[in-house]
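Here the protein sequences line up with chains B and X, keeping their order. In terms of the numbering used here, the first sequence opens at residue 1 and continues consecutively. In terms of the numbering used here, the second sequence opens at residue 1 and continues consecutively.
One or more hints might be untrue.
Claimed, not checked - The calculated DMTMM-like cross-link candidates involving lysine to aspartate or glutamate, where the alpha carbons are at most 20 Å apart (straight line), are:
hint, chain 1, residue 1, chain 2, residue 2
1, B, K239, B, E195
2, B, K239, B, D199
3, X, K92, X, D128
4, B, K92, B, D57
5, B, K92, X, D199
6, B, K92, B, D126
7, B, K92, X, D128
8, B, K92, B, D104
9, B, K210, B, E195
10, X, K91, X, D42
11, X, K91, X, D101
12, X, K92, B, D126
13, B, K91, B, D57
14, B, K92, B, E121
15, X, K239, X, D199
16, X, K91, B, E169
17, B, K91, X, D126
18, B, K91, B, D42
19, X, K239, X, E169
20, B, K91, X, E169
21, X, K92, B, E195
22, X, K91, B, D126
What the hints assert, rightly or not - Per label pair, the in silico range of CB-to-CB distance:
hint, chain 1, residue 1, chain 2, residue 2, range
23, X, D111, B, E62, 47 to 55 Å
24, B, G168, X, H88, 39 to 47 Å
25, X, D67, B, A224, 42 to 50 Å
26, X, H88, B, Q213, 53 to 61 Å
27, X, D67, B, P45, 17 to 25 Å
28, X, P51, B, D61, 27 to 35 Å
29, B, E62, X, G168, 32 to 40 Å
30, B, L217, X, P51, 36 to 44 Å
31, B, V237, X, G110, 26 to 34 Å
32, X, G236, B, E62, 40 to 48 Å
33, B, Q193, X, E62, 27 to 35 Å
In case anyone wonders, no lab produced these hints; they're calculated from the structure. Nothing here was measured: the structure is a model prediction, and the numbers come from that model. All C-beta atoms, glycine included, are put in the ideal place defined by N, C-alpha and C.
Protein chains: 2
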Amino acid sequence: MSAPLPPVVILVRPQLGENIGKTARAMGNFGLRELRLVAPRDGWPNPAAGPAAAGADRLLDEARLFDTVEEAISDLTGVLAATVRPRHLVKKVLDPQTAVDWLDATMRAGDGPAGVMFGPERSGLDNDETALADAILTIPVDPAFASLNLAQAVLVLAYEWRKRILGGELPPRLRSAERLPAPRGDYLGLFAQLEQALDARGHFPSSGRKPVQIRALRSLLLNARFSAQEIRTLRGVIKTLARPVRAQCEGNDQKT
Amino acid sequence: MSAPLPPVVILVRPQLGENIGKTARAMGNFGLRELRLVAPRDGWPNPAAGPAAAGADRLLDEARLFDTVEEAISDLTGVLAATVRPRHLVKKVLDPQTAVDWLDATMRAGDGPAGVMFGPERSGLDNDETALADAILTIPVDPAFASLNLAQAVLVLAYEWRKRILGGELPPRLRSAERLPAPRGDYLGLFAQLEQALDARGHFPSSGRKPVQIRALRSLLLNARFSAQEIRTLRGVIKTLARPVRAQCEGNDQKT
């Protein structure tokens, strides 16, 4: 199965150039590539978009400009409208994760890209525009605080898309470092060193309890599943701690 | 099971007031409530934060200020560092979805909040700060375009948190409208009307083929699983189409 095409992002009548730039950046962060603009309020290109794009200039350079929503979506095999469902419009509503599943399935079944329309900052998509979509994408914001910025909405879509591409796994370079437990021999060396140091300091006063205390200590250390490197570090710490304090051995140190 | 506490967001040495405001907005959008600031570069409060918060002023008003990371996290039962794992630091790395699972489990098991530290815009968390965390939160951005803005990183965390709270379901007010298929009687009325209209226009020329064509048409309509309202709409459309065109009946119309 080949890597799926990323969905197209269609900004319908966007108002601020800065938001177009931020949208491009959010797309770039998560691997979306194709931006379409329908009748941007302040024309196109817009000098305010560049700085906000923070390196996503190529997306802006390659952005395609359309006069109408109909022209912008005519080659798409599937279209979602990012909005809250208008009261009297009967349409399926998808959360972002389900939306990327739908977009991927639609692109695999058809022979062209699919995309998501986002409306103007202030008003959102109008009902005629929404009616052109196959389904609605709604981002589940807190109802008490629902004003999601345009670029933030695109970011959530793009993030879910990338999660899907990665199959829910972080890529190898980002994963946890392998932390293999040390071979048992390393533990045995650690035990011997530690127990000897403790013995030297009189840690086990009652010789009858000593085996029990040692078993508890060994279990505790084994449970931690230290790596070989961590055991080397611990052995260095014990070595330092076991060293006779300076006052006791000044005579030795200055023997020359 | 009670609703889990949202995680605390800790901005460590944030540089721009505007980004603190945007962080508050992203938190508010998805229901996070507690913001902590460690040694913001330009002091606190910062007049640039308010406008960017777009309504999340309460989060800013209630933000707590600390001099050091240690003070800011001392009451937390669990802490994540939002960063990419430093090369020589052995720590677990969590993607955002796994991170919210971890935060929730940690808060349920302990008796205090858990949180996530985000570093300064330019440099990110330093290694000493990262070493104070239980694990690392990494957002899987496109490696070719990895500069995720501070507020965008917080947004991804907050979005995943809210998804977890909602249990992967859109809240009822955001879901698809119930679209119950119409009772079969509505379909029968539609069939009768449509077939009569088609008959009147001579749609079925060969009477031998008529039953086959009608069955195909009925199947097609039933497959669409129209609602009662949709069938009413369709019947209105058919009624209009079936009306004799004006030219044919002018004589009748002007009979007076």
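Do the hints match the structure? See the list:
1. B/K239 <-> B/E195: The given pair, whose Cα atoms are some 12 Å apart, holds under the 20 Å limit.
2. B/K239 <-> B/D199: holds (14 Å)
3. X/K92 <-> X/D128: Distance ~16 Å between X/K92 and X/D128 Cα, so the pair holds.
4. B/K92 <-> B/D57: violated (35 Å)
5. B/K92 <-> X/D199: violated (36 Å)
6. B/K92 <-> B/D126: Holds, at roughly 17 Å.
7. B/K92 <-> X/D128: Given pair B/K92, X/D128 is violated - Cα atoms ~49 Å apart, limit 20 Å.
8. B/K92 <-> B/D104: holds (17 Å)
9. B/K210 <-> B/E195: holds (10 Å)
10. X/K91 <-> X/D42: violated (32 Å)
11. X/K91 <-> X/D101: holds (17 Å)
12. X/K92 <-> B/D126: violated (46 Å)
13. B/K91 <-> B/D57: violated (35 Å)
14. B/K92 <-> B/E121: violated (23 Å)
15. X/K239 <-> X/D199: Within the cut-off at roughly 14 Å; holds.
16. X/K91 <-> B/E169: holds (17 Å)
17. B/K91 <-> X/D126: This hinted pair is violated, its Cα atoms lying about 48 Å apart.
18. B/K91 <-> B/D42: Not satisfied, since the Cα-Cα distance of roughly 32 Å exceeds 20 Å.
19. X/K239 <-> X/E169: violated (41 Å)
20. B/K91 <-> X/E169: holds (17 Å)
21. X/K92 <-> B/E195: violated (30 Å)
22. X/K91 <-> B/D126: Distance of about 48 Å is beyond 20 Å: violated.
23. X/D111 <-> B/E62: 47 to 55 Å: holds (53 Å)
24. B/G168 <-> X/H88: 39 to 47 Å: violated (27 Å)
25. X/D67 <-> B/A224: 42 to 50 Å: Distance hint for X/D67, B/A224 is violated at roughly 33 Å.
26. X/H88 <-> B/Q213: 53 to 61 Å: Taking Cβ atoms as reference, X/H88 and B/Q213 lie about 35 Å apart, which means the hint is violated.
27. X/D67 <-> B/P45: 17 to 25 Å: Cβ of X/D67 to Cβ of B/P45: about 46 Å, so the range 17 to 25 Å is violated.
28. X/P51 <-> B/D61: 27 to 35 Å: holds (30 Å)
29. B/E62 <-> X/G168: 32 to 40 Å: Holds - the Cβ-Cβ distance for B/E62 and X/G168, about 35 Å, lies within 32 to 40 Å.
30. B/L217 <-> X/P51: 36 to 44 Å: violated (59 Å)
31. B/V237 <-> X/G110: 26 to 34 Å: Because 28 Å falls inside the window, the suggested range holds.
32. X/G236 <-> B/E62: 40 to 48 Å: holds (45 Å)
33. B/Q193 <-> X/E62: 27 to 35 Å: violated (52 Å)
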